[in-house]
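**Q** Starting from the known structure of chain L, fit chain B onto it as the hints suggest.
Protein chains: 2
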Amino acid sequence: MRKKIAIIDLGSNSVRMIIMKIYEDGSYKMMDQAKEMVRLSEDMGDEMTLKPLAIKRTLFTLKLFKKLIEAHKADEVFAIATAAVRNAVNQQAFLDKIKLETGFDFRVISGEEEAYLDYMGVINSIKIGDCVIVDIGGASTELVWVENRRMKEAISLPFGAVTLTEKFLGKGNYTQEGIKKLIDYVTKQYKDIEWLSRVDGLPVVGLGGSIRTLAKIDKRKIGFPLESLHNYTMEYKEVLYAYDLVTKANIESRKDIPGVEKDRADIIAGGLVPVKALMDLLKADKIVISGNGLREGMFFKYYLETLGYEDEILEDVLSHSVENTLKNYDVNLEHCEHVTKLALSIFDQLQPLHGYGEEERKLLYVGAQLHDIGMYVDYYNHHKHGFYLALNSRLNGLRNRELVMCAFIVAMHRNEEFKVDWKNYNMLIDKNDYEIIKRLSVFVRIAEKLDRNESGSVEDISCYITPDSVQMMLKTSNTPELEIAAAMKSDRVFEKLFNKKLYIV
Amino acid sequence: MRKKIAIIDLGSNSVRMIIMKIYEDGSYKMMDQAKEMVRLSEDMGDEMTLKPLAIKRTLFTLKLFKKLIEAHKADEVFAIATAAVRNAVNQQAFLDKIKLETGFDFRVISGEEEAYLDYMGVINSIKIGDCVIVDIGGASTELVWVENRRMKEAISLPFGAVTLTEKFLGKGNYTQEGIKKLIDYVTKQYKDIEWLSRVDGLPVVGLGGSIRTLAKIDKRKIGFPLESLHNYTMEYKEVLYAYDLVTKANIESRKDIPGVEKDRADIIAGGLVPVKALMDLLKADKIVISGNGLREGMFFKYYLETLGYEDEILEDVLSHSVENTLKNYDVNLEHCEHVTKLALSIFDQLQPLHGYGEEERKLLYVGAQLHDIGMYVDYYNHHKHGFYLALNSRLNGLRNRELVMCAFIVAMHRNEEFKVDWKNYNMLIDKNDYEIIKRLSVFVRIAEKLDRNESGSVEDISCYITPDSVQMMLKTSNTPELEIAAAMKSDRVFEKLFNKKLYIV
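Protein sequences, first through last, are from chains L and B.
full-length UniProt numbering puts the first residue of the first sequence at 1, with every later residue one more than the last.
full-length UniProt numbering puts the first residue of the second sequence at 1, with every later residue one more than the last.
Bear in mind the hints are in silico, worked out from the structure with no lab data behind them.
The list treats identical chains as interchangeable, and a pair is accepted whether it falls inside one copy or across any two copies.
Below, a list of computed lysine-lysine pairs in the DSS-like style, where the Cα atoms sit at most 30 Å apart:
| no. | residue 1 | residue 2 |
| --- | --- | --- |
| 1 | K63 | K489 |
| 2 | K73 | K475 |
| 3 | K341 | K63 |
| 4 | K4 | K21 |
| 5 | K35 | K327 |
Isolated chain L (complex conformation) (with noise of 0.2 Å):
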């Protein structure tokens, strides 16, 4: 199978595409995107008509993505309409206009879908087991309740930013007055769905272009040193922060605020008051941004329905997304996994000796897997290489600190010494990270040795632990002599880390 699918997601502000391949392998990529602020809400008012001008923008950008779709030789389209569309009395006339002119059969779904579509991008794509996912769109905003991974309450409320702002806080400048108003507003709505208030303490997951806006800010003023937005943590102390930024300046300034998009600041205020009020709610004291929602939602559910999976989410975010990249990079794949098995037996055998639990057993799991994706590039340098493209590869499933710490671990895979500024990522990790990736780099580079000629010939290693060494027996129906010799060439690291010599017999 190999299939191109484009999914537009038509909503309130904007209207959205992605553009996904399927490979034959069964790995995928987004292969573009493409997003417009039409503000098809845009004074729709209270009889809830859409407006000429609006549509005829909307329009405009849906043939500028059908020309986009017929570029990419795409399969199959999925159009799906949200809140505007949604609440729209010519909503029919609407549809029929944008099936004649652009042949496009948007479907327009519930707000209970939305929520459930938003819960599969986020649940797909961020490795949590209980938390609030909140998006905030142009004209409505959808809460679900996550319980150990599944959906447990999901609502949709007929409020966004959009709608907000032209209701409490007029088109430019923002009162303080206005700002409390909205204040009151949301929350007693939020006030009164019932399992709200049986889900304090839970972070929060949040989505839609306001709340990557907020994250926007943080990054900007913090100078944080990756690029991805996804999974993006705020304590709530730096919403704070970014929010009254945002509520007390007026519109001109809110422009110039450092990750506030032009053409967002007059509706941004509309955007973050409802999280903040949220968070209050919940008495959170975090919120995850998912760069992920309705439209990667949409995609995993198609995704996980054609190819056959049994459940309706992944069971594992991170080794499905280890899987992917690898794929997407070529690599040989029992060689990688080949290579996590003896470094991962090296990492158990040795437990006493460093102590370590399961969270640093995943990172190695991850780095040794990884190991290798760099030779995409060159294979001069993979491993600086491989570096670059774990960092940068949107890989699913680790908390940004993890994924700093596994590129790491794939740039030390080799003997060569790896030479970054390390003062970028003292953000994210301290002292004792590093200690812990330089053992950690030490077992993946041990077990690569062994597995050199990429067959599996070293089935497994029994380590013994002895008062001042450490003696590694290879299962191996060969003598392994230069695989020992390669591997041996850590002795001194090896040593220096654990205080024991190192023998490989």
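**A** The following block gives chain B in isolation, referenced to the frame of chain L:
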């Protein structure tokens, strides 16, 4: 067609292997490589017999390589042996033994064929018209005179880094007298080659481990910002510096010279004297280091024949490599092609304004073609990823300065500011180059926006230069309002760089 081939090159000093994958679309990539310093020619002596220990080491390594080949499931193996085997009196017995124990059918190639394959490796991956190629091996040295990209003369000389070391320098410390004798010896042999007297002043292209070491010493010394050795260029005085360092040090301090591998320290002078002597003789003022040689030449020969190319060499190294890179990163080829066409059209029509020539046009071509490769890593920040990939993906046919300039054009193809520590690259590009980059990247930016739906709907552009403005008239069947609006976002930058207002109609 989809094929994996392994190419093994059994030299006098080392045995090396590359595994290449040719994809269905005709693109290719190195999947793995391996090398082992087996020193096959060690102690061959004047009676020219391969010795048992050397044979044992070699067989051992070949068996390892066999496993690696099996792990990669390579479809075909090309195994070639050079000088040590060529000259050995026990050649047949040795080859039979290899065949029996590994199944490899080694083909012993003549010195002339070796020179030809070196030439094939160089000429298909470095853009150079006239040069002298020199490949210093372990037991032989090949010289090729290239004129207008064609091989005009070729010769193989029966000395190399290992044999010269054994003959003149002993195993450990060199005496200056030994060095002197060595210089006289090789110079005399060079002087016997009639055509060498006719190539005065041509640049030298150098191959082989010794010459790569020469480049490594220089790179370390100056803190060169790029990873790849391929295409690295050294002036004569820089060669002299490294040469002095190597020939004047004793064996122990030689091992400590940054860039010199420990297991090469004993033969490095034996490998460098012939290079320096050749440059002296030819009065060559620079040497270009090629990372590609025999094995890559073998690959290109196979590739070009198998894919039915008419000529025995690539017509255009750069465009071939660009296409291969685009395919490796699975980009939308039509879109790249179209953006390139539009960008070059703008460039050509605005020639009176910028006054640039073929050189800059080439940079624009590459930058426009590659502008989207970073999407393979992630859509977000793909301009940054593109910068990294362009710099590190073995793009052939550009000099290093040009490569860096193209990478910057890729990085700046979107509106956002690209933040990079510019100073890292000021060894290669200066302020004037930066000005060129900025101007060329504006052309890519405008072209990209005009093809934002990737459908080629803006067919061409006519530019009119007036005293205070540039007007671009679009040839299109649509009304590309959004495209124009998007392209016009570059108006301020354009005005700043060209001192004229920009209008697109």
